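Residue numbers (numbering that gives the first Met the number 0), protein chains in the order written: chain X, 0 to 159; chain W, 0 to 159; chain R, 0 to 159.
No wet-lab data here; the hints were simulated from the structure. Just so you know, these numbers come straight off a predicted model, no measurement behind them. No false leads were slipped in.
Since copy identity is lost for identical chains, a pair holds within one copy or between any two.
30 angstroms max Cα-Cα, derived DSS-like pairs, lysine-lysine:
no., residue 1, residue 2
1, K96, K49
2, K96, K74
3, K62, K103
4, K95, K49
5, K79, K69
6, K96, K62
7, K129, K103
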Amino acid sequence: MKDKNAVTLILFSGDLDKMLAGFIIATGAAASGMQVNMFFTFWGLKLLQKVNARTKGLNWMRKMFGFMVKSGPSKRPLSKLNMMGLGATMMRQIMKKSNMPDLKTMINMARQMGVKLTACSTSMGVLGIKKESLIPEVTNVAGVASFLSDANKSSFTLFI
Amino acid sequence: MKDKNAVTLILFSGDLDKMLAGFIIATGAAASGMQVNMFFTFWGLKLLQKVNARTKGLNWMRKMFGFMVKSGPSKRPLSKLNMMGLGATMMRQIMKKSNMPDLKTMINMARQMGVKLTACSTSMGVLGIKKESLIPEVTNVAGVASFLSDANKSSFTLFI
Amino acid sequence: MKDKNAVTLILFSGDLDKMLAGFIIATGAAASGMQVNMFFTFWGLKLLQKVNARTKGLNWMRKMFGFMVKSGPSKRPLSKLNMMGLGATMMRQIMKKSNMPDLKTMINMARQMGVKLTACSTSMGVLGIKKESLIPEVTNVAGVASFLSDANKSSFTLFI
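Next up, chain X with everything else stripped away, as it sits in the complex (with noise of 0.2 angstroms):
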C-alpha cells in the first residue's frame, strides 16, 4: 500500500509543543525506515539558529525581530499558556519528569537517524539569518522548489 516511503515536515511555528510533535513524528518515522525531511520556515527558522547569532549589518526592525523572538531549543516559547515563558518552563520540567527528550536532544536524535534538516533560504533573506548563524546540524540551505521536490515524493506532508 505504502509507495512512497518519505515524510516531508513543515515546521513553519517556532513553539515548543508544535516542535516536539514534530520531532516525535520525525524520529518515529525514521525508526520505522522513512526518509524524512524537515524544512524549518519562519519562526521555525529560530530553532537553527545559534544562540547569541551576530546581528551586525542587520537594520533595526530584522535586529527588533530577532531580539523579540529568542533563538535555540532551550527558548522556544508554547503555542498556548506561554505566560511569558512560565509556561514553556513548567512543560520543560514535566518533560523532564516523563523522561522525554528535550529538543536539542532530539534535533541531535534527528540527525543520528539521517533526518534531513532544511533551512529555507527564502525565510533566511527575509529575517536576515546569514547561514553562519545555523547551528551545524543544518544538512543545507534551500527554498521552496526543494520543499516540493521532497513533498512530491512523500506519502504525506504535514504544515505544524
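For this one, chain X is given, so just place chains W and R on it according to the hints.
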C-alpha cells in the same frame, strides 16, 4: 485516481474553531465512504477528556496545566479573539443560529459514521491523563507508530 | 514517482505570515506546472473579503466578528508578535525591503498562474459573508465535498 480511500487528521490544537474544521472534514470524508482516522494529541486531547476528571496523584505542575486548560467539548476556546471565553461563546451562539451541530454532537456523529478516535498515549503520559478519564467515544489509545501506519495508508493527512 | 500533479492548501488562519507561506508554496507549485487549489475557510476567508464589505442584515454578533477581524490583504495580522498591528506593519516593511511581493500582488500572481481560489460556503454561512462581498479574484464558492475531491487528487494537502 484515488488509490488510498482513507484520511488521517492530527488534532493538536484544542481550539473550538480548528476542532470544528477537523470534524467537518472528518464527517464529510466519512459520508463520502472514506475511512477516517482522528488522532488527538497534546491540547487536542482535552476534547476527549471527561469534564471534572480526577487529578488525584498528579504533581502540582500537571494539576495546574489541567486546571488552566479546561476539558470537554463545551470548554474549547477560539484560536483567535477568544477574549477570556467571550469569543468562543459568541461563536457557539452563531453556530446555533446557523443550525450547525455543536462539538459534542459532532463527536457522536463521527463515531456513528465509523470515524476512529485515537487518544495519543505519549501526550497522555506527559500531561498525566489517565485512560479512565477519557470519554467512552474514544476508540483506542496509541502512539506515533499507529499514527504513521494510518497516515501511510491515507490519501491525505492534515496537522490541525 | 509523482503520480498526482496537484496540490491543495486549506487557508484556515487569516494571519499574514501563514498566508505568505501559503502563497509562496502555491505560486512555486504552479510555476513548476502543478494544478494548485487554495481553499479559504474561517479566518482565512477574510483575505478574500472586500474591504468595507456591507454588513447590513447581519445580527449584532456577526457584525461584531466582522468588525474585530478586518478584511482584505493589507489588514492581516501576524500569528505571533502582532502587537496591535505593529508587528504586522514591521513585517510588511521588511518584505518591501527584501523586494518580496505583498499579499495583494501574490493573489494576482496566483490567479494569473491558474491557481484556483475557492471560498468555503459553510464558513460564509456561519460568518454571514455574502458572495457579493468577495473580491473578483475568487474562482468559486464551494463546500467540503469540493475540498475532498481536490485533496484526493493531490500529491499533498496542507492545513495552514
